[in-house]
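S.K.: In case you want the letters, here they are:
Number of protein chains: 2
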Amino acid sequence: MGTSIAVDGSDDTGAKKPVVCFLGPMSSYTHQAALQSFSKDDVELMPVSTIKDVFETTQAGAADYGVVPIENSTHGSVVFTLDLFAECEKLYPDLSVCAEVYLKVHHCLLGYLPPPAAASLPTTTTPTASSLLVSGQCTPTPSHPQPIHPRAQPLVSLAHIKRIYSHPQAFGQCRKFFETYLRGADTVDVSSTSRAAELAASDPSGESAAVSSALAATETGLEFLGRNIEDRDDNETRFFVLWRDEGALVKGRGQQQSIKSSSGAKSQDNHASGATKSLVSFTVPHRAPGALADVLECFRKGGLDLTSINSRPSLIAPFQYIFFVEFEGHKLEDPQGRVKDVLENVGNVAESWRWLGSWENMRR
Amino acid sequence: MGTSIAVDGSDDTGAKKPVVCFLGPMSSYTHQAALQSFSKDDVELMPVSTIKDVFETTQAGAADYGVVPIENSTHGSVVFTLDLFAECEKLYPDLSVCAEVYLKVHHCLLGYLPPPAAASLPTTTTPTASSLLVSGQCTPTPSHPQPIHPRAQPLVSLAHIKRIYSHPQAFGQCRKFFETYLRGADTVDVSSTSRAAELAASDPSGESAAVSSALAATETGLEFLGRNIEDRDDNETRFFVLWRDEGALVKGRGQQQSIKSSSGAKSQDNHASGATKSLVSFTVPHRAPGALADVLECFRKGGLDLTSINSRPSLIAPFQYIFFVEFEGHKLEDPQGRVKDVLENVGNVAESWRWLGSWENMRR
Chain A
1 MGTSIAVDGS DDTGAKKPVV CFLGPMSSYT HQAALQSFSK DDVELMPVST
51 IKDVFETTQA GAADYGVVPI ENSTHGSVVF TLDLFAECEK LYPDLSVCAE
101 VYLKVHHCLL GYLPPPAAAS LPTTTTPTAS SLLVSGQCTP TPSHPQPIHP
151 RAQPLVSLAH IKRIYSHPQA FGQCRKFFET YLRGADTVDV SSTSRAAELA
201 ASDPSGESAA VSSALAATET GLEFLGRNIE DRDDNETRFF VLWRDEGALV
251 KGRGQQQSIK SSSGAKSQDN HASGATKSLV SFTVPHRAPG ALADVLECFR
301 KGGLDLTSIN SRPSLIAPFQ YIFFVEFEGH KLEDPQGRVK DVLENVGNVA
351 ESWRWLGSWE NMRR
Chain B
1 MGTSIAVDGS DDTGAKKPVV CFLGPMSSYT HQAALQSFSK DDVELMPVST
51 IKDVFETTQA GAADYGVVPI ENSTHGSVVF TLDLFAECEK LYPDLSVCAE
101 VYLKVHHCLL GYLPPPAAAS LPTTTTPTAS SLLVSGQCTP TPSHPQPIHP
151 RAQPLVSLAH IKRIYSHPQA FGQCRKFFET YLRGADTVDV SSTSRAAELA
201 ASDPSGESAA VSSALAATET GLEFLGRNIE DRDDNETRFF VLWRDEGALV
251 KGRGQQQSIK SSSGAKSQDN HASGATKSLV SFTVPHRAPG ALADVLECFR
301 KGGLDLTSIN SRPSLIAPFQ YIFFVEFEGH KLEDPQGRVK DVLENVGNVA
351 ESWRWLGSWE NMRR
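Protein chains in written order, with full-length UniProt numbering: chain A, 1 to 364; chain B, 1 to 364.
Keep in mind that the hints were calculated from the coordinates and are not lab data. All values reported here derive from a predicted model rather than from experimental measurement. It is possible that some hints are incorrect.
Pairs involving identical chains hold if they fit within one copy or between any two copies, as the list cannot separate such chains.
Below, in silico cross-link-like pairs of lysine-lysine (BS3-like), each with a Cα-Cα straight-line distance of 27 Å or less [claimed, not checked]:
(1) K260 x K301
(2) K340 x K301
(3) K260 x K104
(4) K331 x K90
(5) K16 x K104
(6) K90 x K176
(7) K162 x K16
(8) K260 x K40
(9) K260 x K17
(10) K16 x K40
(11) K260 x K331
(12) K40 x K340
(13) K301 x K17
(14) K162 x K331
Generate the whole structure from the sequences, applying the supplied hints.
M.R.: Here is the structure:
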């Protein structure tokens, strides 16, 4: 099980700071989410390379908390994270979600400026869409009656860009900009947007760019080729904070004292409706598809509103699923036993199920 | 609305063949799915570049049918396709699903052979995993107690491969092979696996490879660097056949006479339980998350089993969703009115909803 670092409330003098690992490298959006959830001075931050590394590091006890992206408001669920939750029973038995973080996400296109001959557009004037358009589609035509309207225009000519690095989620949030201004360029998936900026910066040809945060421009010295290139201005990503919950049942939220709550203060109990959320996964018996509705009916009967539902391949047999349901309520702060009763009923109709965490609702 | 080609059953003498468009180019998996669903001699096949092009071409009437991937048994839903269904109300008002196709999918790694100096492994002997491993992980270590076990090994050394082209779905189905044998290489997303093979073939450096079908090797002349590299041997993709349903209510299944049924014969009516499936999308009122369970309860009450459920961002406001539900039953072959009653009830509790098609269940 690895070495666990004691960080509960009683251990506040000279104790080692809690370690928070996150999907790095530094300046990634997950790094920013970690800074939003923890006070910088209270914790030690540890970047790791992949979402899977966050699960493994936290499970092994090398970190007390792990921060991972779970869904984006434009592009939807992060399936890599869901697939790791599906493996919790087998590989990450001690992990659960203890907090969520919402982060506004504005993407930039970072790279080197075009060579002087190609840079016919002075950066002091605003280029028009048509002057930059290579293969875009802004005017309705018979074959494209509904042309795309990206929110942002490039700041310089992008004719020199042959290759763009980013995380698949970031590409999914900037489809309109890409379909309009970068149709001929290769998009290369890498593990994070900050890693993408590093790769673009290290290409001496100047033909590479990255979809990344503004912070990554400072870190790498790359120029801004576009700003706010996301499809929607209300683009936000939600993150989960994981921890090893072995002590949770005994200590309540003692271990969570490092985490900020929505009011900016330390976490506090709150039994009001919608104040907390929980996550469970479940499978239903093969050849009994009706059981899916039976499981969901448990939540309705118990008066616990569902706030999201996702399905992923169960990997037991083709086209069987593992379902992920988020609902209002907290398993560990449940004075009337409503969550307890509902989960008991779920256990009676699901083939298998697992509680994956309860936390304070940060979006009320 | 474009020109619609008459292809209903009555028009069988000298009429123009129905046109079937699909996510191309030729030799793509979607091409193979189209061939599985239609007799080659009965239709004219038309490859297009993107899934969106399939929707647009079919809506515009330039094709009578469109074939698109909807989900894979290993990697899950094809979110690009779901997002296009979410836009049906606005952009593709006449489209609905009229058939499904299941296709076994075996991926190959295609490319040029390593240069003679590097090709130290004779291809006549079976290489061991360790002899090919660059940065893989097959032996348990403290930091990786659960090493990955890919099903297939490379057929030759992959040290010369710097870049692999494929569709994001295909990468998602071959994660273990990539994490074990190709950790240092760039993965480049392109619109289809057959386009990936074309790009790898056109790279004179020989450093590019593609995850593609065996058929694409024949088309491009590339060599097999690996066979059956998918994570699971039961890897399958399900496809939807779209059509313009304007005449469906009047003509029943007349227009579908080109489509093969599960028995290999032409489509036939079948009212047995589980013989047909339907797809609907719906949204629930903002600030009334309980409505999700209320909508699902309509199906349970009506005795129509849910076979899958998916959610995607509604793009109305952050973290509101559009839900996609598949259930057993057929809207147009519904002698007892069960589907009709359930959909009426759905209309009473959902904020908005849309029927997206009914078809014969090909996996009973």
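S.K.: State for each hint whether it applies.
M.R.: Going through the hints against the structure:
1. In this assembly of identical chains, K260 and K301 lie within 27 Å of each other by CA distance neither inside one copy nor across copies; the values are 33 Å within and 43 Å between.
2. Both within a single protomer and between protomers do K340 and K301 lie at most 27 Å apart by alpha-carbon distance, with minima of 13 Å and 25 Å respectively.
3. In the homo-oligomer, the alpha carbons of K260 and K104 lie at most 27 Å apart inside one protomer (17 Å), although the nearest pairing across protomers, at 49 Å, exceeds that limit.
4. Within a single copy, K331 and K90 get their C-alpha atoms as close as 22 Å, which meets the 27 Å cut-off; across copies the closest is 42 Å, which misses it.
5. In the homo-oligomer, the alpha carbons of K16 and K104 never lie at most 27 Å apart, since the shortest distance is 32 Å inside one protomer and 53 Å across protomers.
6. Proximity of K90 and K176 under a CA criterion of 27 Å is satisfied inter-copy only: 17 Å between copies versus 40 Å inside one chain copy.
7. In this assembly of identical chains, the alpha carbons of K162 and K16 never lie at most 27 Å apart, being 47 Å within a copy and 43 Å across copies at closest.
8. Taking the shortest alpha-carbon separations for K260 and K40, only the intra-copy value of 11 Å comes in at or below 27 Å, while the best inter-copy value is 62 Å.
9. Proximity of K260 and K17 under a CA criterion of 27 Å is satisfied intra-copy only: 16 Å inside one chain copy versus 65 Å between copies.
10. In this assembly of identical chains, the alpha carbons of K16 and K40 lie at most 27 Å apart only when taken from the same copy (14 Å versus 70 Å across copies).
11. With identical chains, the CA atoms of K260 and K331 are at most 27 Å apart within one copy only, with a shortest distance of 20 Å there and 51 Å across copies.
12. For the identical chains of this complex, K40 and K340 are neighbours neither inside a copy (36 Å) nor across copies (57 Å), given an alpha-carbon limit of 27 Å.
13. With identical chains, the CA atoms of K301 and K17 are never at most 27 Å apart, being 44 Å at best within one copy and 54 Å at best between copies.
14. In this assembly of identical chains, K162 and K331 lie within 27 Å of each other by CA distance neither inside one copy nor across copies; the values are 51 Å within and 48 Å between.
Checked against the numbered hints given earlier, this structure breaks hints 1, 5, 7, 12, 13, 14; the rest are met.
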